[in-house]
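Just need the whole structure built from these sequences, with the hints factored in.
Protein chains: 4
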Amino acid sequence: MGEPFFHVHRVRFDEVDAAGIAYFARFFTWCHDAMEAMLAPIDGGYVGLVVQRRLGLPAVHIESDFAAPLRFGETVRIAATVERVGTSSCALRFELTRGEDPGGAHVAKVRHVVALTDLATMRARPLPDDVRALLERHRTATP
Amino acid sequence: MGEPFFHVHRVRFDEVDAAGIAYFARFFTWCHDAMEAMLAPIDGGYVGLVVQRRLGLPAVHIESDFAAPLRFGETVRIAATVERVGTSSCALRFELTRGEDPGGAHVAKVRHVVALTDLATMRARPLPDDVRALLERHRTATP
Amino acid sequence: MGEPFFHVHRVRFDEVDAAGIAYFARFFTWCHDAMEAMLAPIDGGYVGLVVQRRLGLPAVHIESDFAAPLRFGETVRIAATVERVGTSSCALRFELTRGEDPGGAHVAKVRHVVALTDLATMRARPLPDDVRALLERHRTATP
Amino acid sequence: MGEPFFHVHRVRFDEVDAAGIAYFARFFTWCHDAMEAMLAPIDGGYVGLVVQRRLGLPAVHIESDFAAPLRFGETVRIAATVERVGTSSCALRFELTRGEDPGGAHVAKVRHVVALTDLATMRARPLPDDVRALLERHRTATP
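Chains A, B, C and D, in that order, are what the protein sequence lines are.
Numbering of the first sequence is given in the numbering used here, commencing with residue 1 and proceeding in unit increments.
Numbering of the second sequence is given in the numbering used here, commencing with residue 1 and proceeding in unit increments.
Numbering of the third sequence is given in the numbering used here, commencing with residue 1 and proceeding in unit increments.
Numbering of the fourth sequence is given in the numbering used here, commencing with residue 1 and proceeding in unit increments.
Hints were generated in silico from the structure; no laboratory data involved.
Note that the Cβ used here is the ideal one computed from N, Cα and C, for glycine as well.
Please note that a few of the clues may not be correct.
Claimed, not checked - Under 10 Å between C-beta atoms, here's a sample of chain D residues computed to sit facing chain A: (1) H32; (2) D43; (3) Y46; (4) V47; (5) G48; (6) V51; (7) F72; (8) G73.
In structure tokens, the structure reads:
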């Protein structure tokens, strides 16, 4: 049973919308940032995967529930876990809670299925061993 | 049975990511733009709803499937329909196809549940009559 | 003496900041959008320049004055002119006024110097003839 | 003679453009982030200034020179200094160099004049004492 990966984000000045709350589409960017940070231990990190190896992890499916709004300057803690690892795809789960400490109020939940893709051909490819090993490290039982 | 509302977007220079394709979170912004455009006929449009009436339609649930990437300069046609209208929430469905003409290849599908919210209190409120009537105009049978 | 090129933008829901006004860095994006639209008549447009010919027009110098804020839903009219055309660079001038009609109140002024660049080498290159001809069409006397 | 304030940013996956380099308008956002971080020591930080005191620091003038492109994953070090402090405005200067360590190659230079503004009326107001004191701490002789 793997460990969650934790990532903290603070809502920036330009991330709110005309309703005065963090714009909903930003939540997906923060989760993507969390995924990138989680992949940092692989050789060259997510940057090396994309830039040197020309591989990417585009989204194929996303599901999310939004429970509470966030405002400018608030911090959100993202607990990223891996729900399932397939041949070329994997399902990531992100639990967003208020504040940077554990135990904050529930804010949102995102499930993000990505597929390892050759960026030259845009075709799916089997997950490289180092990416797979890293994902397994954060794999947890489905809640 | 209502009619779909059509909205066209062209992928901008700054909407691609380091993988060279339109960044996935932008798709949600385009669907939000489509929703805003669909609501234009209500008094003051979506802008009036937010700015004058201090009401909003924050996302409470989102589901999406991404079938094909989009590149800089490509156009995407968004067919927005209303799947369900509740007391204070409604479910919108967006079908994204390539190009601005009908019949383009499937690109993505987004289901977006929003809740009419008082922006002062952030509490749900019943949908105002004009918003409800507009939504009914685009309500279609669930595919 | 060339003609200005006009471009209209409406401030989007997600373009405001926590101060409730259009975020200042967005103004530069709108001016870039205006430049792209101005270049549409060249073969393949700005998209073709970047994607097929692998040439770009990165900013080398920007100057701007902000006179009045814009809010969600407001429209801004951008009058783009070309102040100077050099061997590989050119100076663009953008005058932003409120509303989509001529004669709106002054909002901001942006001067944007760009250099024609080979995107493979990131070296400056002489402006291609079609780009130069298009720029000359919008060249005006310096105010 | 004050000390520069240092801020480091890493170019994110979604901050590049279709030319494959960090989108120029993002540089202004990073400089704004540096200004926010520099103002953290005032009571409530920049967030408190905007949210509680309803004061802001909108841009009134910007000048910038771009010397070298940045790519996905590269870090940029921003040295922020205060060039001039007036009654209600101040001039900030940002020097961007490659990498997170001192001595990196020059990337860009941004001069950003902001005016302390009452967000309710959008009128200029004298700089509050704590903001002024903080700015003085980073004031340096003009290069």
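Status of each hint after checking the structure:
1. H32: With a closest approach of 7 Å, the H32 of chain D hint holds.
2. D43: violated (13 Å)
3. Y46: For Y46 of chain D, the interface hint holds, since the closest Cβ of chain A sits about 8 Å away, which is under 10 Å.
4. V47: Holds, about 3 Å.
5. G48: For G48 of chain D, the interface hint holds, since the closest Cβ of chain A sits about 8 Å away, which is under 10 Å.
6. V51: holds (6 Å)
7. F72: Status holds, d = 6 Å.
8. G73: Constraint on G73 of chain D satisfied, holds at 3 Å.
Of the numbered hints given earlier, the model fails hint 2 alone.
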